[in-house]
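*Asks:* Okay, here's what each chain looks like letter by letter:
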Amino acid sequence: MRLSDREQDGVVILEPKGKIMGGPDASLLHDKLYEFIEQNKKKVVIDLAEVDWMNSTGLGILISGYTTLRNTDGELKLANVTEKIQSLLTITKLVTVFDAYESVDEAVKAFK
Amino acid sequence: MKKPVISGDTITIPSSMEYLTDVDVFIEGILRGYGADESVIADIAISVSELVINAISHGNEALEDKMVDVSISRNGKNVTITITDQGCGFDPGEIADPLADENLLKEAGRGIFIVRSLMDKVEIDSVDDGTVITITKSLNN
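Residue numbers (numbering that gives the first Met the number 0), protein chains in the order written: chain H, 0 to 111; chain D, 0 to 140.
No lab work stands behind these hints, which were simulated from the structure alone.
A portion of the hints provided could be inaccurate.
Derived pair list, reagent style BS3-like, types lysine-lysine, alpha-carbon separation capped at 27 Å [stated by the list, open to error]:
1) H/K92 / D/K76
2) D/K105 / H/K16
3) H/K40 / D/K76
4) H/K83 / D/K76
5) H/K92 / H/K108
Turn these sequences into a full structure, and let the hints steer you where they fit.
*Replies:* Quick look at the structure:
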């Protein structure tokens, strides 16, 4: 997995690419998310457009970020959820937990 | 230090997460050789990753001198993959329901549930000297 980040209108956009399956790769996303939380940047969108697939480790990272941000008055939203990941969110009922948007722009606007 | 070993349709790895990618590359390569479509490849790759992570962390307790074997075979339109660890076994009946309200926001505990959802058949044979999990998926899904 590769990871890039940027900011848009005061919102952190995290852009993982590839597969989120656990091991050293997955900690990249976890560590970057917590780096921004420690900088008090608590509006975060994870853009999943270029994530081929993720497993339960990836879902666990999303949940960890979601709960940590929620507990510190922040918020995590998802954008560009691919069909494969949407299927995982549905079968695990996590589709009821995450706010998901069809584009990063829509997710960023939803913070206002 | 031990390294992954490929022998025919089997890859054997030490119990470390750093070798997850080796297993994924091996399995996806064989599946593409079988002509599987990308959706089926992803379902199997996700399931194998779940089971290998469990074998490493729960079965072999991340002890690198203990190995995990992953074997793949094709029988007509069905692909069968077997994951074997050298741990102490587990009781599948003790796995908590990840869909229960009290478990929904837990960061872990969904692996076997996801595998059962994605695969056509899952067989778990867990005894005192290891666990063998066999998953089957049709290439036509």
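*Asks:* Can you confirm whether the C-alpha distance between H/K40 and D/K76 stays at or below 27 Å?
*Replies:* Given that 27 Å is the threshold and the Cα spacing comes to 50 Å, the pair is violated.
*Asks:* Between H/K92 and D/K76, is the straight-line Cα distance small enough, at 27 Å or below?
*Replies:* It is violated: about 31 Å lies between the C-alpha atoms, which goes past 27 Å.
*Asks:* Take the C-alpha atoms of H/K83 and D/K76, compute the straight-line distance between them, and say whether it is at most 27 Å.
*Replies:* 22 Å, holds
*Asks:* Is H/K92 within 27 Å of H/K108, Cα to Cα?
*Replies:* 25 Å, holds
*Asks:* Under the criterion that the straight-line Cα-Cα distance not exceed 27 Å, is the pair D/K105, H/K16 satisfied?
*Replies:* Holds - the C-alpha atoms of H/K16 and D/K105 are around 24 Å apart, at most 27 Å.
The structure fails to meet hints 1 and 3 from the earlier list, while all remaining hints are met.
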